[in-house]
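> Chain by chain, the residues:
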Amino acid sequence: MRGDYNGNDDIVTEYCVLRQNTNTEGKALSGRIDVTMDTELLVIGGSGAGVTAAFYAAQAGVDVLMVSKGKAGFSGNAIMAGGGCGIDGESGRNVLGIESADPGFTKDKLFDCLVKESYYLAEQNIVQQYVDDSPIVLKDYLQWAERGGSKFVSIQPCGWQASGAHFAKPLVQALKETPAIRTLEDTMVVELLRSGRRVVGAIGVHVYTGKLVRINAKAVVIASGGYQLQSLRNTVSDMTGDGPAMAYRAGATISDMEFMLAFPTALVPEDMRGSIYPYLFRRIPHRLVDKNGDEIVIDEDAKGLSTESKINKLVNDFYMGTAVANGLGGPHGGAFWDYSIATQEEKRKALDQFYKRFSNWHKYGYYKGESMKRVEDMIMNNEPIEVGLGVEYSMGGIVVNEKMETGVEGLFAAGETTTGTFGACRIGDGLIEMLCQGMKAGQTAAAYCAATERADADDADAEAAAAELLHFFDNEGGVNATELVERITAACDKGLKTIRCEDDLQASLRELEALRGQVEGATLQCKSRAYNLEWINALSARNTILCGVTSVRAALERRESRGCHIRSDYPAVDHDNFLFHYDFRRVNGEDVMSTRRPTVTRMPLPTGKKENVIKYFTDKDLHYSRAFKINFDN
Amino acid sequence: MLVTIKRYDPDGDRAWTQEYEVDTTHRSMTVMDVLEYIETKLDHTLAYYKHSICNHGICARCTLSVNGKVKLACTELANDYDALELAPAPNRPVVRDLVTGVPSSVL
Chain A
19 MRGDYNGNDD
29 IVTEYCVLRQ
39 NTNTEGKALS
49 GRIDVTMDTE
59 LLVIGGSGAG
69 VTAAFYAAQA
79 GVDVLMVSKG
89 KAGFSGNAIM
99 AGGGCGIDGE
109 SGRNVLGIES
119 ADPGFTKDKL
129 FDCLVKESYY
139 LAEQNIVQQY
149 VDDSPIVLKD
159 YLQWAERGGS
169 KFVSIQPCGW
179 QASGAHFAKP
189 LVQALKETPA
199 IRTLEDTMVV
209 ELLRSGRRVV
219 GAIGVHVYTG
229 KLVRINAKAV
239 VIASGGYQLQ
249 SLRNTVSDMT
259 GDGPAMAYRA
269 GATISDMEFM
279 LAFPTALVPE
289 DMRGSIYPYL
299 FRRIPHRLVD
309 KNGDEIVIDE
319 DAKGLSTESK
329 INKLVNDFYM
339 GTAVANGLGG
349 PHGGAFWDYS
359 IATQEEKRKA
369 LDQFYKRFSN
379 WHKYGYYKGE
389 SMKRVEDMIM
399 NNEPIEVGLG
409 VEYSMGGIVV
419 NEKMETGVEG
429 LFAAGETTTG
439 TFGACRIGDG
449 LIEMLCQGMK
459 AGQTAAAYCA
469 ATERADADDA
479 DAEAAAAELL
489 HFFDNEGGVN
499 ATELVERITA
509 ACDKGLKTIR
519 CEDDLQASLR
529 ELEALRGQVE
539 GATLQCKSRA
549 YNLEWINALS
559 ARNTILCGVT
569 SVRAALERRE
579 SRGCHIRSDY
589 PAVDHDNFLF
599 HYDFRRVNGE
609 DVMSTRRPTV
619 TRMPLPTGKK
629 ENVIKYFTDK
639 DLHYSRAFKI
649 NFDN
Chain B
-11 MLVTIKRYDP
-1 DGDRAWTQEY
9 EVDTTHRSMT
19 VMDVLEYIET
29 KLDHTLAYYK
39 HSICNHGICA
49 RCTLSVNGKV
59 KLACTELAND
69 YDALELAPAP
79 NRPVVRDLVT
89 GVPSSVL
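For the record, the sequence lines run as chains A and B.
Heads up: the first sequence is residues 19 to 652, going by the numbering used here.
Heads up: the second sequence is residues -11 to 95, going by the numbering used here.
Hints in this document: simulated from the structure, not taken from any laboratory.
By construction, the Cβ of each residue, glycine as well, lies at the ideal position given by its N, Cα and C atoms.
Treat the hints loosely; a few may be bogus.
To be verified - Covered by chain B, according to a simulated footprint, are these stretches of chain A (three or more residues, beta-carbon under 8 Å):
# : stretch
1 : 247 to 258
2 : 264 to 273
Stated by the list, open to error - Straight-line alpha carbon distances no greater than 30 Å define the calculated DSBU-like cross-link-like pairs of lysine-lysine that follow:
#  : chain 1 : residue 1 : chain 2 : residue 2
3  : B       : K59       : A       : K374
4  : A       : K421      : A       : K127
5  : B       : K57       : B       : K(-6)
6  : A       : K309      : A       : K633
7  : A       : K421      : A       : K157
8  : A       : K374      : A       : K328
9  : A       : K545      : A       : K321
10 : B       : K57       : A       : K391
11 : A       : K381      : B       : K57
12 : A       : K367      : A       : K127
13 : A       : K545      : B       : K(-6)
14 : B       : K29       : A       : K229
15 : A       : K633      : B       : K59
16 : A       : K381      : B       : K59
17 : A       : K627      : A       : K638
18 : A       : K309      : B       : K59
19 : A       : K512      : B       : K(-6)
20 : A       : K127      : A       : K328
21 : A       : K169      : A       : K309
22 : A       : K638      : A       : K321
23 : A       : K169      : B       : K(-6)
24 : B       : K(-6)     : A       : K309
25 : A       : K125      : A       : K381
26 : A       : K194      : A       : K545
27 : A       : K127      : A       : K194
28 : A       : K309      : A       : K391
29 : B       : K29       : A       : K194
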């Protein structure tokens, strides 16, 4: 029994080219690598981007090995999804044949929305790929969903609402139907292997046994998700930025690291910290109040943006975040939602509607696996609920083009681990991004594999990389790895707030730079390799520290506000001086930062300034509207 | 609150129980919160399901035995108990401490 994984036990991991402790000639290795595996394409990550990359590559006849940190198809953040996702209604009607789709929300309209929502920082060629390819991948995805038993509820203009588990079930189904895809679960890939400058494989740690696994491949797709660096997060436990960090060390460029999306997340009851019930309960009439009970006033024009659209997240970030930044937050660092403005009948009706809707996927009265009883009592008793802003998604990551090429030969990337689709603010759907980018990465990598001979990394290089992973066991006198991770998180909390400022960011950077010097010296009390959380922490710290340092550096340099990067000292959106990406590349062992203008294919970049990130959206000249409404009555 | 944890070290094939004192009077905690408190503040060597978990009752990876009953660590309220006795989920091979279930075929 492996718990309630919806059929994952059916995915039999095959190790037909797994060779215990032997090298390519079948000789025993004397070194540190415990197991070597060969494949044509290595896919790192077992959520939507990884599964779709693996599926389309396998369909093209390429031998694929998918390695996931958790359970294949159920790994990563897709299972945490709380709402819905969708595409344009024109494609919904014409490509998917969905009669209820609203063709008035056209492909062009979706493109327009995504670029504007990104504060014009999206790469327009990548947005085009999102718009063009999402209906194609959804054709397959919806079939897997049907056969896998997912329950989707239609939403307008052309979308699907479900629980995270039901969004992941189709991925499990795809793997089940595609036995050609080999999977290796519970394995954290920690370093890419190269031959010259080309990426030709990777090394991972099998978490249960602690064995080091070397994978030789013609090409690698990174689909391992993003980085959630702050302590209040509503994602799975291990979004440690492995993808961006590994790619960076292998020569790729990472960018937009300062942009991370946060939204209303539970602080209380304390044992439910991290739940997204507040966001789901946003339709129950409430007002925002500060610790003194005074209302946090949302400007009238911003209210219009709010409840029915995912811009609600940004509106809450701005107003709740500002109150907290002004010292008006509660004991847990949040603002309060006061439901006393609604009548008991209104509250009861809204709660019942919510429960009914979500009983499609959860027990009635529950959200995910948690009973809402205590929260419901607080709402009905007019007890203000302290709500925080928890990170959900990182906009930044590995720079790719519209084919999901990274610029490093043999290395491709897809999903949250990349940057380009959402620029400074994601209002579109991460679930759609993961699917359409996964498909594209799988196709591009498959074509590359077909046209390319294998080239293995030097055994000596692989051994040296393995030694770097194992050296933590010999460290003495350094900071304990578990404590180090806590300090990195605390330093990120200090700088990467919802509302940022120079002093906080400077203090955060100083701490992070100091901690960076301590990572390789981190110590482990437990010296066994089997399920050693300290070791996993040490290996994760190498990645989170890089994501943290680059995020804070870019946030410091960006002396403006844009999307989810909101600065109290530079509140204006400044198109004239900051409409570019901050890129990072490693050159001769140094982090080199540079700027790059977004790629424009259709919509010219704006000029001028807007008063703040909210005024950017309420400005009538933006001509922004997204027809995305969830009808809760049906 | 007294927390007693059944521990196992595969390297020496050594099994023992260990007691920890965790203050749960000032906040509500799940069993997962208790384990995290012990791991970060009291004993870094403790192993429990922590990688790739959802923490909200979706993934069911954190299954373990709480005072003799099979529960999810992430949704089980520690405050509902006077004392906690934590052990690996029964009838599964133990990897280390509270972590179970590695398929024998893997590596």
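> Hint by hint, note whether the structure agrees.
Results for each hint:
no.	hint	verdict
1	247 to 258	holds (count 3)
2	264 to 273	violated (count 0)
3	K59(B) with K374(A)	holds (26 Å)
4	K421(A) with K127(A)	holds (23 Å)
5	K57(B) with K(-6)(B)	holds (14 Å)
6	K309(A) with K633(A)	holds (26 Å)
7	K421(A) with K157(A)	holds (20 Å)
8	K374(A) with K328(A)	holds (22 Å)
9	K545(A) with K321(A)	violated (55 Å)
10	K57(B) with K391(A)	holds (23 Å)
11	K381(A) with K57(B)	holds (21 Å)
12	K367(A) with K127(A)	violated (35 Å)
13	K545(A) with K(-6)(B)	holds (19 Å)
14	K29(B) with K229(A)	holds (27 Å)
15	K633(A) with K59(B)	violated (48 Å)
16	K381(A) with K59(B)	holds (17 Å)
17	K627(A) with K638(A)	holds (14 Å)
18	K309(A) with K59(B)	violated (36 Å)
19	K512(A) with K(-6)(B)	violated (37 Å)
20	K127(A) with K328(A)	holds (16 Å)
21	K169(A) with K309(A)	violated (41 Å)
22	K638(A) with K321(A)	holds (15 Å)
23	K169(A) with K(-6)(B)	violated (40 Å)
24	K(-6)(B) with K309(A)	violated (43 Å)
25	K125(A) with K381(A)	violated (37 Å)
26	K194(A) with K545(A)	violated (37 Å)
27	K127(A) with K194(A)	violated (36 Å)
28	K309(A) with K391(A)	holds (24 Å)
29	K29(B) with K194(A)	violated (42 Å)
In summary, the structure is inconsistent with hints 2, 9, 12, 15, 18, 19, 21, 23, 24, 25, 26, 27, 29 from the numbered list given earlier, while agreeing with the others.
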